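Residue numbers (this note's numbering), protein chains in the order written: chain A, 1 to 255; chain B, 1 to 279; chain C, 1 to 193.
For the record, the hints were derived by calculation from the structure and aren't laboratory data. Quantities reported herein were computed from a predicted structural model and do not represent experimental measurements. Accuracy of the hints is not assured; some may be wrong.
[Unchecked claim] Within a straight-line C-alpha distance of at most 30 Å, the following computed DSBU-like cross-link-like pairs (lysine-lysine) qualify:
#1 B:31 - B:255
#2 A:133 - C:3
#3 B:13 - C:31
#4 B:236 - A:133
#5 B:190 - B:236
#6 A:181 - C:31
#7 C:31 - A:58
#8 A:156 - B:193
#9 B:197 - B:222
#10 A:54 - B:31
#11 A:181 - C:95
#12 B:261 - B:193
#13 B:78 - C:95
#14 B:223 - B:236
#15 B:86 - B:28
#16 C:91 - C:31
#17 A:133 - B:86
#18 B:18 - C:31
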Amino acid sequence: MVKKRFISRMYPLTKLIIALTLGGTSIIVHQWQFGYLFIMPLMFLLAILDGKFKSYFKKVFAAIVVFFLFIFLIQAFLVPVGATIWQWEFLHLTVGGLDKALNITATIGVFLTTLLLVFETTNMSDLMVSLQKTGMPNGAAYVFLASIQMIPEMNKRSKVIMQAQRARGIETEGNMWVRTKAFFPTLSPLIISSITDIGDKAATLEARAFSSSIPNTFYRDLHASFFEKYITVFVILLCTLYTLWRYVPAIGGLL
Amino acid sequence: MNPVLEMKDVHFKYLIGKEKVFEGISFKIYKGEFVSITGRNGSGKTTLCNILRGFIPHLNQGTLSGDILLHGESIPDKSLGELADKIGYIFQNPFIQNSGIKETVYEEIAFGLENLGIPREEMIKTVDDTIKLLKIEDLREKHPAELSGGQRQRVAIASIIAMDPPILIIDEPTSQLDPKGTEEIFEIIKLLKEQKKTIILVEHKIDQVAEYASRIIMLEDKKILFDGTTNEILSKEEVMTYGTNLPQVAKLGIKYSKEVKKLEKIPTVLEEAVKIFKG
Amino acid sequence: MKKHFTTMVLILIPIAIAVNVIGGQLASILKLPMYLDMIGTILVAALAGPIPAMVAGGVTNLILGITSPTWIPYAIVQIACGAVAGYAAQKGAFKSFKWTALTALGVWAAALLTAVPITTILFGGIAGGGGGSVITAFFLTTGQGLWQSVTTSALITETLDKFISTFIVFFIVKSIPVSTLVKFPLGPMYAEE
Numbered sequence: 001m002v003k004k005r006f007i008s009r010m011y012p013l014t015k016l017i018i019a020l021t022l023g024g025t026s027i028i029v030h031q032w033q034f035g036y037l038f039i040m041p042l043m044f045l046l047a048i049l050d051g052k053f054k055s056y057f058k059k060v061f062a063a064i065v066v067f068f069l070f071i072f073l074i075q076a077f078l079v080p081v082g083a084t085i086w087q088w089e090f091l092h093l094t095v096g097g098l099d100k101a102l103n104i105t106a107t108i109g110v111f112l113t114t115l116l117l118v119f120e121t122t123n124m125s126d127l128m129v130s131l132q133k134t135g136m137p138n139g140a141a142y143v144f145l146a147s148i149q150m151i152p153e154m155n156k157r158s159k160v161i162m163q164a165q166r167a168r169g170i171e172t173e174g175n176m177w178v179r180t181k182a183f184f185p186t187l188s189p190l191i192i193s194s195i196t197d198i199g200d201k202a203a204t205l206e207a208r209a210f211s212s213s214i215p216n217t218f219y220r221d222l223h224a225s226f227f228e229k230y231i232t233v234f235v236i237l238l239c240t241l242y243t244l245w246r247y248v249p250a251i252g253g254l255l
Numbered sequence: 001m002n003p004v005l006e007m008k009d010v011h012f013k014y015l016i017g018k019e020k021v022f023e024g025i026s027f028k029i030y031k032g033e034f035v036s037i038t039g040r041n042g043s044g045k046t047t048l049c050n051i052l053r054g055f056i057p058h059l060n061q062g063t064l065s066g067d068i069l070l071h072g073e074s075i076p077d078k079s080l081g082e083l084a085d086k087i088g089y090i091f092q093n094p095f096i097q098n099s100g101i102k103e104t105v106y107e108e109i110a111f112g113l114e115n116l117g118i119p120r121e122e123m124i125k126t127v128d129d130t131i132k133l134l135k136i137e138d139l140r141e142k143h144p145a146e147l148s149g150g151q152r153q154r155v156a157i158a159s160i161i162a163m164d165p166p167i168l169i170i171d172e173p174t175s176q177l178d179p180k181g182t183e184e185i186f187e188i189i190k191l192l193k194e195q196k197k198t199i200i201l202v203e204h205k206i207d208q209v210a211e212y213a214s215r216i217i218m219l220e221d222k223k224i225l226f227d228g229t230t231n232e233i234l235s236k237e238e239v240m241t242y243g244t245n246l247p248q249v250a251k252l253g254i255k256y257s258k259e260v261k262k263l264e265k266i267p268t269v270l271e272e273a274v275k276i277f278k279g
Numbered sequence: 001m002k003k004h005f006t007t008m009v010l011i012l013i014p015i016a017i018a019v020n021v022i023g024g025q026l027a028s029i030l031k032l033p034m035y036l037d038m039i040g041t042i043l044v045a046a047l048a049g050p051i052p053a054m055v056a057g058g059v060t061n062l063i064l065g066i067t068s069p070t071w072i073p074y075a076i077v078q079i080a081c082g083a084v085a086g087y088a089a090q091k092g093a094f095k096s097f098k099w100t101a102l103t104a105l106g107v108w109a110a111a112l113l114t115a116v117p118i119t120t121i122l123f124g125g126i127a128g129g130g131g132g133s134v135i136t137a138f139f140l141t142t143g144q145g146l147w148q149s150v151t152t153s154a155l156i157t158e159t160l161d162k163f164i165s166t167f168i169v170f171f172i173v174k175s176i177p178v179s180t181l182v183k184f185p186l187g188p189m190y191a192e193e
């Protein structure tokens, strides 16, 4: 097994809280520099230090590129605000538009890069255990983890069914009506068979004391270290100070 | 001695369905007994097991009357969670029998113990012991969804016996398995019998029933038709008219007894037959 | 809470979530001009009522958010649609064709009322889940305002989608064996006939 670096080793809930704090801060402060010049480069740096850069970068890239291009196209060029900086055909780049595009993308960028780093470096079962330890009900953890296992499984089964349908002569290509008709026979047997199995599945879970009222224990041994407990507080504190600095004129704020 | 499980005049009808499944079922099961439930398809074997475990009426409603007792206390009045470490249940279909949320077989087996709030050190010891007992060390780190039917069934049994219930209900555990898988499951059942667990088994493979069960309860037409020791039931020729097969040696014994020489006792397992025919 | 989330319902929800995700994938594999990513949510609504449906819808987008976090805000759309469909289901809407059509209308309205503001305000006009953005850009070039463009674009992508999804659920409920149906909170309602 590869030795886990520090971000991957970090307590899951700590990472999640920090990511959400940073995202929330970027909404409140509304300053594109925070995202573009600080958080996003920092997340890439952390991904490099954690040895996860390649897969992390791929995911960020896939999530961001087309999306950001569209936002820039629409906000900066198609919704004119203020003076025009540059013009071509029907595209007008305006000062206000550019500023808006930068701000929207910065906020989205902060959420995207922080959350993707959390998910890239966190095992979902670990995250659930850390949430259950803070009082999240077992049912919620079950729903989340079962979904994560169910999706690829059902995906596999849907491919098998689709192949079988094709073999039986149901067309999956052609005009839209033909393709729409292919959707139903592929999905519905999957749904009905899954639902029919629920009764037995419920008995299976009950046989394992699923609805027992005794408080759960966990095989996964996770504890937040002293450092992990206080880094959360530290980050929240810094973000609060930044927000205050941004909005309270007495300490250099802008409003 | 007080019975571990008891049914007194139980009647049951599913919410959907016109006819009753049971009309007045009564029996007592004592500690350490190995009872096999037989009867033709649709005679209510699985329904009976479901009632004993409380799945009926908790998960599957219907009209249920009569007393169903665990150590004298009403089973339907207990919550399903309360019963989990008292009555274990192993199902027919190996493919739906995992939690669906665990990443390794090891964690799958630990799932029930987590739900029962067993401290972590004890949990680890129990899971390790169970894996060793069932000889599934090779599956330990595998993903539960990537196992064969036979492997899944063994993991399912491991997950239940890790919780150490004194009573086990085993409902056709091998009906979807190949001969090798079947053999492996019966090796485990033998182990459980040696541990003096109270076992209720539904199984069509009559040679295995003859070998392991100490008592047979046979269902027919909403009632219990026969209830007696394995040898007593499996030496009756009429059993075959109610959709339950007899072991080959018993058939031989019955024929021999009729046509050659009257036997005092019809053999139901091979060793008995050898003893009897040797004289 | 225990009343809403029986073990049966807790197992139904992940299945519904997978159905949402696979439905969405299939729609894009078959190149359909629809999302079809809410069938599971509406199904939970029909079998278990509004609260489980809201959970199924919300968690669907949280899970999609693991790989693309821009899906997360749209959880609100799923939650709103689940609430509407679930409330209607409680009143017996999925028992008749006519009321199913009205439910579809309600789901459609809930989707528009939530999706349009999220796209416009949070994402500056770009649908976080993909699709529709090209249409929005097109309307913008014809000189329409941002809100108007996003709304028109949403009308095109949402309308057929929500009606088809709701009716698929109507037919699925009819195909589920009665013995299974009755184990769900709203199931006995469909078994009466």
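Hints versus structure:
no.	hint	result
1	B:31 - B:255	36 Å, violated
2	A:133 - C:3	23 Å, holds
3	B:13 - C:31	49 Å, violated
4	B:236 - A:133	59 Å, violated
5	B:190 - B:236	25 Å, holds
6	A:181 - C:31	12 Å, holds
7	C:31 - A:58	25 Å, holds
8	A:156 - B:193	40 Å, violated
9	B:197 - B:222	28 Å, holds
10	A:54 - B:31	61 Å, violated
11	A:181 - C:95	24 Å, holds
12	B:261 - B:193	35 Å, violated
13	B:78 - C:95	35 Å, violated
14	B:223 - B:236	18 Å, holds
15	B:86 - B:28	17 Å, holds
16	C:91 - C:31	35 Å, violated
17	A:133 - B:86	27 Å, holds
18	B:18 - C:31	47 Å, violated
The structure does not agree with the numbered hints 1, 3, 4, 8, 10, 12, 13, 16 and 18 stated previously, though it agrees with the rest.
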